[in-house]
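According to the numbering used here, the sequence shown is numbered sequentially starting from 1002.
Hints listed in this document are in silico derivations from the structure and should not be mistaken for laboratory results.
Built from N, CA and C at the ideal position, the CB exists for glycine as well.
Honestly, I wouldn't trust all of these hints.
The calculated label-pair distances, taken between Cβ atoms and stated as ranges, are [to be verified]:
no., residue 1, residue 2, range
1, Val1038, Arg1004, 17 to 23 Å
2, Leu1055, Asp1012, 17 to 23 Å
3, Glu1010, His1044, 14 to 20 Å
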Amino acid sequence: MTRYLVTWEIDIDAETAHDAARQAHEIVRRPDTSANVYKVIEHDGNGEAVTVDLEDEPAIHVTTGD
């Protein structure tokens, strides 16, 4: 299995860093969110970032056998 760094960025106006993080958390967790674009970097790769827009791709459902 490959390890990736996945980030989502947003500009937020807030009184404190904690408040900004809380607002971002609320946005990304909304069922109808538009927060669907992520920057993905493979840890052991060449450091190149790939932009993944989940709106442009079919949903992939992964199940693990326990």
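Report task. Hint by hint, work out which the structure violates, then give me just those numbers in ascending order. Result -> none
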